[in-house]
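Visitor: Taken in order, the sequence shown gives residues 1 to 253; the numbers are from the UniProt record's numbering.
Any given hint might turn out to be false.
[Stated by the list, open to error] Derived DEER-like restraints, expressed as beta-carbon distance ranges: (1) S36 <-> D233: 22 to 28 Å; (2) P240 <-> K43: 39 to 45 Å; (3) P74 <-> K231: 41 to 47 Å; (4) S122 <-> D28: 43 to 49 Å; (5) V80 <-> E180: 51 to 57 Å; (6) W2 <-> R166: 45 to 51 Å; (7) V32 <-> D221: 33 to 39 Å; (8) K43 <-> R187: 49 to 55 Å; (9) E100 <-> P204: 17 to 23 Å; (10) G155 <-> D233: 30 to 36 Å.
Treat the hints as calculated values from the structure; they're not laboratory data.
For clarity, every value in this text was computed on a predicted model and none was experimentally measured.
Cβ coordinates follow ideal geometry from the N, Cα and C atoms, glycine included.
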Amino acid sequence: MWTRESRPAKSPGLSRDQIVRAAMEILDAEGVDALSMRRLGAKLGSGATSLYWHIAHKDELMELVMDEVYGEVPLPDPAVTSWEDMVSIFAYGLRTTLSEHPWVISLIGSRPSLGPRAMNLSSRMQQVFERAGFTGPLLDYTLSTVLAFVLGWTGPEIAWRAARERSGLTGEELDAAMKETVHRAARDYPELVKRYDEHQAQDPEVIQALAFDFGLTCLLDGLRVRLAAGKEDNQRFAPPSTAEHDESTKNMM
């Protein structure tokens, strides 16, 4: 879908951009399960035929909204930004954006990110990594490692918030219920109960932010070590050539 031009509107006021914005409003308010082409058409006051003039099916729509979310992640000019600052800005920006659009977590990885906004993000990150000296496999894997960290951290945060909303309990009520459950489950591990009680006394939003910062700092430290190790050492992360792979496969037979 990204290789073809968007069609002009058949009727005044309806465009692909308008359809995408309306879809995101439904997704932000009610999640992925609430979105259908019929529901979207009703919101826009338009029939399904008008929607399909712009978008072939729902899968295309989901690619469009996912790319729209990528466009909300702020990134500065890679020509004047250090790679450490670029990674930090990307990580914090993506975490914030995912929290604002929690439904997108389930889409990332389930379909290709080939839209113009996703491409712009990848290009900017690659530029700053190349300028810093990341080459070969290190260049290939660095952005995916940063992305995996943010998704791995933010996904459980979003899932917990959703579970809390579904429970119908206040934050205090849910905390009290969890405390009782944890005390029972960990009754044979008093050191875990103690750490849990100490942790629960803190502001969870502050603890989550500090823990994210800690993880990102460790990730940056590790990338600095890999960068300093040099091209020859990092070559061990490169995939084998076709000839090497064929020889290895033959020896296993």
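Visitor: Verify the CB-CB distance for G155 and D233 against the hinted window 30 to 36 Å.
Guide: Given about 32 Å between the Cβ atoms, the range holds.
Visitor: So the hint says 17 to 23 Å: do the beta-carbon atoms of E100 and P204 match that?
Guide: holds (18 Å)
Visitor: Range first: 49 to 55 Å. Now tell me if the beta carbons of K43 and R187 are that far apart.
Guide: This hint holds: roughly 51 Å between Cβ atoms.
Visitor: Between P240 and K43, is the Cβ distance one that fits in 39 to 45 Å?
Guide: violated (52 Å)
Visitor: Holds or violated: 22 to 28 Å for the Cβ distance of S36 and D233?
Guide: At roughly 52 Å between Cβ atoms, D233 and S36 fall outside 22 to 28 Å, so the hint is violated.
Visitor: Range first: 43 to 49 Å. Now tell me if the beta carbons of S122 and D28 are that far apart.
Guide: Since the Cβ atoms of S122 and D28 sit about 25 Å apart, the hinted range of 43 to 49 Å is violated.
Visitor: Can you tell me whether the CB distance of V80 to E180 sits inside 51 to 57 Å?
Guide: holds (53 Å)
Visitor: A range of 33 to 39 Å was offered for this pair. Does it hold for the Cβ distance of V32 and D221?
Guide: Between V32 and D221, where Cβ atoms are some 36 Å apart, the hint holds.
Visitor: Looking only at beta-carbon atoms, does the pair P74, K231 fall within the given range of 41 to 47 Å?
Guide: violated (31 Å)
Visitor: In this structure, is the beta-carbon distance linking W2 and R166 contained in 45 to 51 Å?
Guide: violated (35 Å)
Violated hints, listed in ascending order, are 1, 2, 3, 4, 6; each of the other numbered hints is respected by the structure.
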